[in-house]
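There are 2 protein chains.
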Amino acid sequence: MNYDGYLSRAAVMMRESAIRKMGAVSARVPDVISLAPGYPSPDTFPWQDFRHITDGLLGARDASTLQYGPTRGFRPLLDAIRGVLRGRGIEASLEELLVTTGSQQGLDLVARVLLDPGDVALVELPAYTGAMAAFRNVQAELAGVRQDADGIDLDDLDRVMASLRAEGKRVRFLYVVPNFQNPTGLLLAREKRRQLLDAARRHDILLVEDDPYGELYFSDVAEESDTRPIKADDLDGRVVYLSSFSKTLAPGYRVAWIAAPSALAAKFEIAKQATDICTGALDQRVVWQAIERGVLAAQGPRLRTVYQHKRTVMERALQQHAGGLLTWPKPRGGFFVWVTAPAAIDSEALLSRAMRHGVLFVVGSAFFVDGSGRNTLRLAFSAPSPERIEEGVRRLSAALHEELETLRQGVGSAGTSAVGTGGASSGTVTPTG
Amino acid sequence: MNYDGYLSRAAVMMRESAIRKMGAVSARVPDVISLAPGYPSPDTFPWQDFRHITDGLLGARDASTLQYGPTRGFRPLLDAIRGVLRGRGIEASLEELLVTTGSQQGLDLVARVLLDPGDVALVELPAYTGAMAAFRNVQAELAGVRQDADGIDLDDLDRVMASLRAEGKRVRFLYVVPNFQNPTGLLLAREKRRQLLDAARRHDILLVEDDPYGELYFSDVAEESDTRPIKADDLDGRVVYLSSFSKTLAPGYRVAWIAAPSALAAKFEIAKQATDICTGALDQRVVWQAIERGVLAAQGPRLRTVYQHKRTVMERALQQHAGGLLTWPKPRGGFFVWVTAPAAIDSEALLSRAMRHGVLFVVGSAFFVDGSGRNTLRLAFSAPSPERIEEGVRRLSAALHEELETLRQGVGSAGTSAVGTGGASSGTVTPTG
Chain A
150 MNYDGYLSRA
160 AVMMRESAIR
170 KMGAVSARVP
180 DVISLAPGYP
190 SPDTFPWQDF
200 RHITDGLLGA
210 RDASTLQYGP
220 TRGFRPLLDA
230 IRGVLRGRGI
240 EASLEELLVT
250 TGSQQGLDLV
260 ARVLLDPGDV
270 ALVELPAYTG
280 AMAAFRNVQA
290 ELAGVRQDAD
300 GIDLDDLDRV
310 MASLRAEGKR
320 VRFLYVVPNF
330 QNPTGLLLAR
340 EKRRQLLDAA
350 RRHDILLVED
360 DPYGELYFSD
370 VAEESDTRPI
380 KADDLDGRVV
390 YLSSFSKTLA
400 PGYRVAWIAA
410 PSALAAKFEI
420 AKQATDICTG
430 ALDQRVVWQA
440 IERGVLAAQG
450 PRLRTVYQHK
460 RTVMERALQQ
470 HAGGLLTWPK
480 PRGGFFVWVT
490 APAAIDSEAL
500 LSRAMRHGVL
510 FVVGSAFFVD
520 GSGRNTLRLA
530 FSAPSPERIE
540 EGVRRLSAAL
550 HEELETLRQG
560 VGSAGTSAVG
570 TGGASSGTVT
580 PTG
Chain B
150 MNYDGYLSRA
160 AVMMRESAIR
170 KMGAVSARVP
180 DVISLAPGYP
190 SPDTFPWQDF
200 RHITDGLLGA
210 RDASTLQYGP
220 TRGFRPLLDA
230 IRGVLRGRGI
240 EASLEELLVT
250 TGSQQGLDLV
260 ARVLLDPGDV
270 ALVELPAYTG
280 AMAAFRNVQA
290 ELAGVRQDAD
300 GIDLDDLDRV
310 MASLRAEGKR
320 VRFLYVVPNF
330 QNPTGLLLAR
340 EKRRQLLDAA
350 RRHDILLVED
360 DPYGELYFSD
370 VAEESDTRPI
380 KADDLDGRVV
390 YLSSFSKTLA
400 PGYRVAWIAA
410 PSALAAKFEI
420 AKQATDICTG
430 ALDQRVVWQA
440 IERGVLAAQG
450 PRLRTVYQHK
460 RTVMERALQQ
470 HAGGLLTWPK
480 PRGGFFVWVT
490 APAAIDSEAL
500 LSRAMRHGVL
510 FVVGSAFFVD
520 GSGRNTLRLA
530 FSAPSPERIE
540 EGVRRLSAAL
550 HEELETLRQG
560 VGSAGTSAVG
570 TGGASSGTVT
580 PTG
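Each protein sequence line maps, in turn, to chains A and B.
Positions 150 to 582 (the working numbering) are the ones given, in order, by the first sequence.
Positions 150 to 582 (the working numbering) are the ones given, in order, by the second sequence.
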C-alpha cells in the first residue's frame, strides 16, 4: 500500500533530520566521537540521590506515585518550581504554571495554542532546530532575525517586522533563547532584554523565552545577574517562559515547565490533556524531591565547573589545531561552541570527511531558517570527556586541513552522499539539543 | 492583556472538560466516591518489582538510563514489545514500532500525521473522549457510527460513509476500541473484526485500533481469543494499532506504543521528535525489565481476577439498588459499566444530585459526538475498592430515586449549575480514561 494519499499536509512536509541520520551513522562507526548532540554529561547526574529518592517513593506506595495525575502537574512540584523561578527573579502564581514533558512539549504546546497555518513565528538566525520543527509542524512560517555578538539584532527585528507586515503576514511571537543560545552559545545583553520587551509591545507580538541553560554560566566570563530572564521584567504579560530540569538534573526524566500568563497557561493545559494527559507521576515526584532536598541547588556550582572546564578544553584544542582557520564567539555558558570555517568550506562536505576521521558535529545550516550558514558548524562540548573533546577536535581539524588541501588542489569536495544534504535545503530541522 | 487575539483557531475551540470540572469538585467534597475516571487500581501495581528493578537500574549507572534516547524508543523495549504483540497474534517488525508517551500521545500523533483541518475521523457512538479531543485539536471533523451489543454497526458505517462522501468530505480513518470499549465496555464480535477490515478496504479508509484493555477479559463471559486484535489479520496494512502498559503495569510510567505500517511509523517518529523528543528513558527501562522478568505476564491473571470481581460487585449493587430502573450491557472485560437511565433522566442533573450524595460519574453525553446520550452514564469500577463501589452505587441509586421522585412531582430537576453543562453541548471532550 502507498500511504502518501493518507498523510496530512503537515506530515508530507516532515523530513528526517540530518542529525538523526548522523545518529544512525554514529551507531555504525566504531569509536566515533560525537560533538553533535547537546546531551548533558551523564557523570553529572546525581545518581545516588535519585536512587535514594526513588526507593523512598516506591517504598511508600502512595497510590498517586504511579497513577494518572493532574494535567497541570503534581502540586508540590509546581510549588517547588515557583521557588526555582523566584530564584531567577520571576514571580509566578500557580495559575501561570504548567509542567511539561520536557521543554520540547512546551514548544509544541506553544505552537498549537499560538500558531495557525500561515502565521509567522520569528526565530533567531541561527535558532534551535527543535523549536523550528515544532512551529513548522503546525504549518507556521518562520522568519529569521539576525544576531550580533550580544544577541538578537533589534534593528533587524524592526526591519523584519516591517517587511512581514507589509506582506500582510500575521506575526505571533519571537522565539528567543537569551542564555547561551542553541546553537551559538550567545548571551543576550542585559539592556537588550528590556529593549526586547519594548519591541514586543511596539510590534504587538509575544516573546517565547526558552531558558534551558541559564544556570550554566561560566564564572570566568559571566555572572548570574547576566542571565536574568526577560520574563522577570515582563510587566505586561508578553512573555511565555520555558525552562527544564533536563540540563540541571537529567533529561531521562522528562520534566520541564512553562510559566505564562494564566489565560495562556489554561490553554496549554487543555492542549496538553489531549497530547499526553499528564507528565510521568514518578518523574515529577523525583524532581520535586530533588528540589526539596537541595540536590538541584547543589548541582548548579558543580555543573558550572564541569562545563566551564570542558569549554576551556574545547577552545584550547580548537586554538591549537585550527587556530587562525576557525573562529567562534567565546561561550560564556551552556553547551556549545559555534564555529565559522573559511568561506570555501561547505560544512556538509566537511562532515563527510570528518566522519571518516571518526568525529561528528552538526552542520550549521540546519539552524538557519534562511538556508545560510553553509560554512558554520555547531560543536557540543557537554557530553564527551575532556580527553574525548580534545581528540574529537584533533580529528575535526585533520579533516578540515584535508578538505582545505583538496579544495586548494581544485579536486573538489569529498561529496555529501554519506550524510545526505537534508539539512537546510529541504527545510528540515531536528530536535534534541 | 487580553489574549484572545493571540490564540490559534484550534486553541479558541479548546474547552475545559466536564470531567476536569468534576475532578476539582472531587477534591473539594470530602469523602466523595468517584466512579468517574478510568484509573487502574493502584493496589494492582507491582510496587515491589518496580522498586527492585529501579534500584538495579539506577545502581548500574548506565549513562543512557537518564539520558535523551532514540525517538523510536529504547531498542530492548521495542524487542520486548514485539514479543507482547506476538502473544496477541501480531507480527511487527522494528520498522513498524514506536514507543509513545502514553497512548494519548499515540492518538495525538495519529491526528497530526493523518488528519488535515476539515478531514473526517469516524468514531464510535459513544467513543473515548481523549481520542475525540486529539482529533478535534487538529481541527478535524468527527462523525459517529452506531454500535450494537456486539460492537460497531457495519451497516451504519456504510450509511455514514455514503452520506459523508455525498457531502464531498474526505474520511481518513475509523477509530475503534474493539476490546471492552471506553465508555461502553463492549466487545467487538470476532466476525465483525474481519468484516471491518473488508469495509475499510472497500471504503479506502484506515482503521485506528486502540487496545488498552484487551488483556483484561473476564473469564466468566469471555476468553482470550475473543480479544484477538483486528491488526492480527491486517494483511493490507490498513490498521494503526495502539496499546499501552498503563492498564497492565501502571500509568505513572508514560509508556505505550504504536504498531503501524512502516511508512506511517516513520512519520509518527518524525512527528514525535518535535513533540517530546523521546519517551522517558528510565520509564522505558523499567517497563522493559518488567516484561523481561515476567512481571507483566504475572499481572494478566491477577488483573483479570481483580477487575472481574469489581465488575461483579458493581453489577450486583446496581441490580440491588436500581434494578429495573437502570440497564447496562454486561461488561466482559475492561473498566466500565455503561448505564442507561430512564428516558426522563438528564444525567447532568443526576450528576448534580449525585454529587450532593457524595458520588461522581461521567455523564454519557460527553462521549457522543452527535450530542445524544442524555440519559446515559459511565461508571468506572476499576479504581475504588469493592466496598467503595458498593457504597458509591448505593449513593448513586439514592440520587436516582430522588431525581425520579422530583420529576414525578413535576418540580423539575435539580439544575446543572454546580457541574456546568460543558460536556456534549459545547463539543467538549476529555481524556484520562
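The set of hints was computed from the structure by calculation and includes no laboratory data.
Only a predicted model underlies this, so the values are computations on that prediction, with no experimental measurement involved.
A hint or two may mislead.
Derived DEER-like restraints, expressed as beta-carbon distance ranges [what the hints assert, rightly or not]:
1) B/P535 / A/L243: 28 to 38 angstroms
2) A/R314 / B/D153: 14 to 24 angstroms
3) A/D369 / B/P266: 43 to 53 angstroms
4) B/P225 / A/A446: 54 to 64 angstroms
5) B/P535 / A/S242: 40 to 50 angstroms
6) A/E441 / B/T454: 46 to 56 angstroms
7) B/R314 / A/A298: 31 to 41 angstroms
8) B/R351 / A/A493: 51 to 61 angstroms
9) B/K318 / A/G443: 55 to 65 angstroms
10) A/S521 / B/R442: 46 to 56 angstroms
11) A/S213 / B/L384: 36 to 46 angstroms
12) A/D180 / B/G443: 30 to 40 angstroms
13) B/R351 / A/E441: 31 to 41 angstroms
If you want the footprint, here are the derived chain A segments under chain B, 3+ residues with CB under 8 angstroms [as the list claims (entries may be wrong)]:
14) 421–435
15) 514–525
Reference listing, derived: stretches of chain A covered by chain B, where coverage requires no fewer than 3 residues with Cβ under 8 angstroms from a Cβ of chain B [as the list claims (entries may be wrong)]:
16) 379–387
17) 395–405
18) 409–418
19) 500–511
Even glycine gets a Cβ: it sits at the ideal position worked out from N, Cα and C.
Against the structure, the hints:
{"no.": "1", "hint": "B/P535 / A/L243: 28 to 38 angstroms", "verdict": "holds (36 angstroms)"}
{"no.": "2", "hint": "A/R314 / B/D153: 14 to 24 angstroms", "verdict": "holds (20 angstroms)"}
{"no.": "3", "hint": "A/D369 / B/P266: 43 to 53 angstroms", "verdict": "holds (52 angstroms)"}
{"no.": "4", "hint": "B/P225 / A/A446: 54 to 64 angstroms", "verdict": "violated (35 angstroms)"}
{"no.": "5", "hint": "B/P535 / A/S242: 40 to 50 angstroms", "verdict": "holds (41 angstroms)"}
{"no.": "6", "hint": "A/E441 / B/T454: 46 to 56 angstroms", "verdict": "violated (39 angstroms)"}
{"no.": "7", "hint": "B/R314 / A/A298: 31 to 41 angstroms", "verdict": "violated (60 angstroms)"}
{"no.": "8", "hint": "B/R351 / A/A493: 51 to 61 angstroms", "verdict": "holds (60 angstroms)"}
{"no.": "9", "hint": "B/K318 / A/G443: 55 to 65 angstroms", "verdict": "holds (58 angstroms)"}
{"no.": "10", "hint": "A/S521 / B/R442: 46 to 56 angstroms", "verdict": "holds (52 angstroms)"}
{"no.": "11", "hint": "A/S213 / B/L384: 36 to 46 angstroms", "verdict": "holds (44 angstroms)"}
{"no.": "12", "hint": "A/D180 / B/G443: 30 to 40 angstroms", "verdict": "holds (37 angstroms)"}
{"no.": "13", "hint": "B/R351 / A/E441: 31 to 41 angstroms", "verdict": "violated (59 angstroms)"}
{"no.": "14", "hint": "421–435", "verdict": "holds (count 11)"}
{"no.": "15", "hint": "514–525", "verdict": "violated (count 0)"}
{"no.": "16", "hint": "379–387", "verdict": "holds (count 3)"}
{"no.": "17", "hint": "395–405", "verdict": "holds (count 6)"}
{"no.": "18", "hint": "409–418", "verdict": "holds (count 5)"}
{"no.": "19", "hint": "500–511", "verdict": "violated (count 0)"}
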